[in-house]
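Peer 1: Use the sequences and the hints to build the structure in full.
These protein sequence lines are chains Y and V, in that order.
According to the numbering used here, the first sequence is numbered sequentially starting from 1.
According to the numbering used here, the second sequence is numbered sequentially starting from 111.
Hints are computed from structural coordinates only; laboratory data are not their basis.
Hints may be right or wrong, so weigh each one.
DSBU-like cross-link-like pairs, simulated, lysine-lysine; straight-line CA separation at most 35 Å [as the list claims (entries may be wrong)]: (1) K97(Y) x K127(V); (2) K167(V) x K5(Y); (3) K5(Y) x K121(V); (4) K42(Y) x K127(V); (5) K57(Y) x K167(V); (6) K167(V) x K121(V); (7) K42(Y) x K5(Y); (8) K68(Y) x K127(V); (9) K97(Y) x K167(V); (10) K97(Y) x K121(V); (11) K125(V) x K97(Y); (12) K125(V) x K42(Y); (13) K15(Y) x K71(Y); (14) K42(Y) x K121(V); (15) K167(V) x K71(Y); (16) K68(Y) x K125(V); (17) K125(V) x K5(Y).
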Amino acid sequence: QQQVKQSPQSLIVQKGGISIINCAYENTAFDYFPWYQQFPGKGPALLIAIRPDVSEKKEGRFTISFNKSAKQFSLHIMDSQPGDSATYFCAATRDYKLSFGAGTTVTVRA
Amino acid sequence: GAGVSQSPSNKVTEKGKDVELRCDPISGHTALYWYRQSLGQGLEFLIYFQGNSAPDKSGLPSDRFSAERTGGSVSTLTIQRTQQEDSAVYLCASSFRLAGGRDTQYFGPGTRLTVL
Chain Y
1 QQQVKQSPQS LIVQKGGISI INCAYENTAF DYFPWYQQFP GKGPALLIAI
51 RPDVSEKKEG RFTISFNKSA KQFSLHIMDS QPGDSATYFC AATRDYKLSF
101 GAGTTVTVRA
Chain V
111 GAGVSQSPSN KVTEKGKDVE LRCDPISGHT ALYWYRQSLG QGLEFLIYFQ
161 GNSAPDKSGL PSDRFSAERT GGSVSTLTIQ RTQQEDSAVY LCASSFRLAG
211 GRDTQYFGPG TRLTVL
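Peer 2: Written out as C-alpha cells, the structure reads:
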C-alpha cells in the first residue's frame, strides 16, 4: 500500500500565484521528507527536504511546512512561474528507501 | 560532471521476452537504486546496492526481476518473461552514502519499457 498520500493529483495556477501540494504519512519512523521535481522525459531531482524537528523550511520561492502531530507536510510554491510547470513528488524515508507520493502535476499559466 | 545515465531510453518488447536495462551511476557514488514509475503512480522502490554489502531486494515484485551491480559501478536490471503489467519507466539513482546522514539520490532519465 502507498505509505505516503499526496494531493491534489493536478493543479493549475496563474503566473504569480501560490501552488500548494499536500502529503500525509502513517509511518512515524520516517525522519526525512524530501520533495522532488520532475520535468517530462527527465528523472526526478531533489528540490527541498525537511526533518521532523523543524516546522518550516524555505529555499527561495519553495517552502515546506511540516506538522508532526498531524503527520502531514506540504509544499508551497510562491510567485509561481511557467518554468515551475512540472510534476512534484513528496517522499519520506527513515534510511535509504524512499516512499513516494503519487505525484502532483502543476501547470502554471502565463 | 556527467550525471546518471541509463540505456536504452526506450525499449519495446513482446510479452514473454527477456529485457536488460542498464544504469551507469555517477562516478564515486557508492549507493545505487532502481525504482519503477508506472503511469499515474509515484516511484516504487525495487532494489538497493551499497558497496560490497548484500543488496536490499525487498522491492522486487516477482522472481522474474533481478539486478546486479558489477565492480561497484554499472548495474543491470533484468526482467525475464516480460508481462504487459511490467510496462513502466524504470529509473536508476545513485548517491554517496554519508554515515548517519541523508544522502541526495540523483536520478537518471529512465528507460521507458513497453511490453506488447
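Peer 1: Are the hints correct? Go through all of them and say.
Peer 2: Against the structure, the hints:
Simply put, K97(Y) and K127(V) have alpha-carbon atoms about 29 Å apart, close enough for the 35 Å limit, and the pair holds. Between K167(V) and K5(Y) the alpha-carbon distance is near 24 Å, which keeps this suggested pair within the 35 Å criterion. For the proposed pair K5(Y) and K121(V), the alpha carbon gap of about 30 Å is at most 35 Å, so the pair holds. For the suggested pair K42(Y) and K127(V), the alpha carbons sit about 27 Å apart, so the restraint of at most 35 Å is met.
Our distance criterion of 35 Å between C-alpha atoms is met by K57(Y) and K167(V), whose separation comes to about 33 Å. Distance hint between K167(V) and K121(V) is fulfilled; the C-alpha atoms sit about 23 Å from each other, no more than 35 Å. Restraint check for K42(Y) and K5(Y): satisfied, since their Cα atoms lie roughly 23 Å apart, inside the 35 Å limit. Straight-line distance between C-alpha atoms of K68(Y) and K127(V) comes to about 47 Å, which puts the hinted pair past the 35 Å bound.
A hinted pair counts as satisfied when its Cα atoms are at most 35 Å apart, and K97(Y) with K167(V) qualifies at roughly 11 Å. Taking the CA atoms of K97(Y) and K121(V), the gap is about 26 Å. The hint holds against a cut of 35 Å. In summary, the hint linking K125(V) to K97(Y) is supported, as the alpha carbons are separated by about 30 Å, within the 35 Å threshold. Using a Cα cut-off of 35 Å, the hinted pair K125(V) and K42(Y) holds, with the two alpha carbons roughly 26 Å apart.
With a C-alpha separation of about 30 Å, the suggested pair K15(Y) and K71(Y) falls inside the 35 Å cut-off, and the hint holds. Annotation: proposed proximity of K42(Y) to K121(V) holds, straight-line Cα distance about 16 Å (limit 35 Å). For the given pair, K167(V) sits about 28 Å from K71(Y) by alpha-carbon distance, which is consistent with the 35 Å threshold. Between K68(Y) and K125(V) the alpha-carbon distance is near 46 Å, which puts this suggested pair outside the 35 Å criterion.
For the hint linking K125(V) to K5(Y), the alpha-carbon distance of about 32 Å falls within 35 Å, and the restraint holds.
Checked against the numbered hints listed earlier, the structure breaks hints 8 and 16; every other hint is satisfied.
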